[in-house]
Amino acid sequence: MDAKTQNSEFVEIHPRNSYLSAQELIAHRHTEFEPASGGLKRTQNEGTASELEELKRAQEYLRAQLSVPRIERLGGRALAIWNEEQQVAEVIRKDGKFENFGYSEQGKLYLEYYEAMFLLEVGRLQLEYYGSVVSIEQAYVLLLGELESERYTNYLVYSALCRSGYIVVKHVPPQEIPQEITSADCIWALLKEKVADQPVPDHIRNTPFYHIAEKRMEEMKERITSQKIEDPDIVIEPIDLKFGQRKRMAEESPIEEPVSKKEKISIPGRSLVDQLKSEFSYAKFEEIFEKFELVQLKSQDYTKEELETPSALKIIFDLHLHNKGFRKSDPKTPNFNVIILPSQAAFPTHDEISKIKQQNLRTAPLLVISVSESKQIQAFLYYIG
Amino acid sequence: MQFKFACKRKRCSFKNVNFTPLPSCQDGERYKGRYTGLSVEIVDPEQAKSLYDNGCFGKGSKSRGGPASGDEDETLLLGMEESCFLAHYLNVLDITNSAGCFMDFHMFVEVAKEQNDTFVENLASYVYLKSKNWVIKSGIKFGGDFLIYKQSPRLYHASFLVIVQKPGDSDHYQSKNLKGVQRVAETSDKDVLLLTVQQPKNISCPRNLQEATVTETIVRRFNYLTFVQSKQQ
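Top line first, the protein sequences correspond to chains V and Z. Residues 111 to 495 (the numbering used here) make up the first sequence, in order. Residues 864 to 1096 (the numbering used here) make up the second sequence, in order.
For the record, the hints were derived by calculation from the structure and aren't laboratory data. Just so you know, these numbers come straight off a predicted model, no measurement behind them. A portion of the hints provided could be inaccurate.
[What the hints assert, rightly or not] The calculated label-pair distances, taken between Cβ atoms and stated as ranges, are:
(1) Z/883 <-> V/484: 48 to 54 angstroms
(2) V/384 <-> Z/1006: 22 to 28 angstroms
(3) Z/883 <-> V/485: 32 to 38 angstroms
(4) Z/967 <-> V/486: 51 to 57 angstroms
(5) Z/883 <-> V/331: 40 to 46 angstroms
(6) V/304 <-> Z/883: 37 to 43 angstroms
Glycine included, every Cβ here is placed at the ideal spot set by N, Cα and C.
Please take these sequences and the hints and turn them into a complete structure.
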């Protein structure tokens, strides 16, 4: 506390060098403020004396809440430096577990702006910028930007999902690993061509396995279609050869089965409201029902160009669950992909969703999170037929 | 995640053992309906009962569901889509206008389009859902186009609130509209089914609907908090 004595030119300074006692420290760490109870809905007009008084009281309460001296433990925090240019925080000193935060590059650990902001808010990080410690208030401007941007909503969603117990990481587009084409792939492609009229992709057609598989399939077909004629032959032939044939049949047949199974689950052109077709009453009247099965479900096929044009929707985060053994270095398929909708934005339509699904083959369910004007977040799941 | 929907059984002892999902003409006698300007009215009480018992078509003019008031002058009112379906797809109903003339498909569609400019889309959705064995009722009390039921509204609660759209429509994708209708449906254990219908270029005969296509979208609120908690145990 400094005090000015009127008569002298000197300013006397009384440095405050007493320390808080242990009890005081504990008490200050957990200062709790009871919010003033709301009571009934107000019915006074705007600008009346009672309204002004109530507003004043509310502001005083807010000020009191904000001006409480806060005490936090300095130890147990990681230290990071904000790199304005690259918009990342470089971690200088680690403290505690950092398993699900940040990414490493050339032996250094970096935090994205939302990660840094989150760690800062939960008191696990000390952020420095040009040698000085950044306060939380400053960090909001520094990390999320002065101008309104998607960064704020991204951070909001990130922190809400993190706090509720998900592992939230930046979306990694599923990489197209140039997989080695096995003969199984060739069989799949051939089956798809025969059953679903899908052309065989060139990269499969060009492999040496393709012709072998094609030839074998033809042979199989031949054998199946001309079964009756061959039957007597088999009887005459020695027993061991019959065994051999039977064995080969068993080997081939499971390959065909998964096709139908897979199609049942993954083909997007399936209706979501077909379940009642399994009812007894449907079976009884099936002929009549089929007569007016006129309107068809639209099947969506995108050309390559259409798929390459980026859609308006962007997957921002991937969600993983804690107990699924997530590893930063080797993330498996996430549990959800997150799309963030700013307030006022319209929800994605069927076409947009189906396009983004086709663009990201092998992805997890899409979680559309809408951030309302009052900064509340709400999640939606899409099912499309 | 696999899609599952709710099919909640109502608590009632009503059992109609020989109900059929679709009515058929008995003894070659076709149902007779009169177009009133708003709906198609079935005057004959026996025909009305038969239509309601077999597929739950229509609504009693003096009752909440089927004709049940017992009054002699109670009629069965069929919605425009249902009557069009019964008359021209199932071929069991003859519709006459107020002057007593028979209304053919073209005439009926024209009249219905005047009433409701999305009639063709609605009709396509109706036929689409009907071919999947749903009982379809008006969805106006929940703010949608249709409510669809398993078997009968007497036995089950509706499973879906259906909203029909044209391809360019964005009204229902507006955040507040979608959330609104979603909440209404959710409180009564339904899902919102958005059907976007591409209507055929011209519709002069019932078969023209073959050119119509439909896309289905179901948007469901997802409680991310309880989901993660349930997975942690």
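With 32 to 38 angstroms as the target window, see if residue 883 of chain Z and residue 485 of chain V comply at their CB atoms. Taking Cβ atoms as reference, residue 883 of chain Z and residue 485 of chain V lie about 54 angstroms apart, which means the hint is violated.
Cβ separation of residue 384 of chain V and residue 1006 of chain Z, checked against the hinted range 22 to 28 angstroms: holds (25 angstroms)
Is it true that residue 883 of chain Z and residue 484 of chain V lie within 48 to 54 angstroms of each other by Cβ? holds (52 angstroms)
Determine whether the Cβ-Cβ distance between residue 883 of chain Z and residue 331 of chain V falls within the hinted range of 40 to 46 angstroms. holds (43 angstroms)
Check the following: the C-beta atoms of residue 304 of chain V and residue 883 of chain Z are separated by a distance inside 37 to 43 angstroms. holds (39 angstroms)
Does 51 to 57 angstroms hold as the CB distance between residue 967 of chain Z and residue 486 of chain V, or does it fail? The hinted range 51 to 57 angstroms holds for residue 967 of chain Z and residue 486 of chain V, with Cβ atoms some 54 angstroms apart.
Checked against the numbered hints above, the structure breaks only hint 3 and satisfies the rest.
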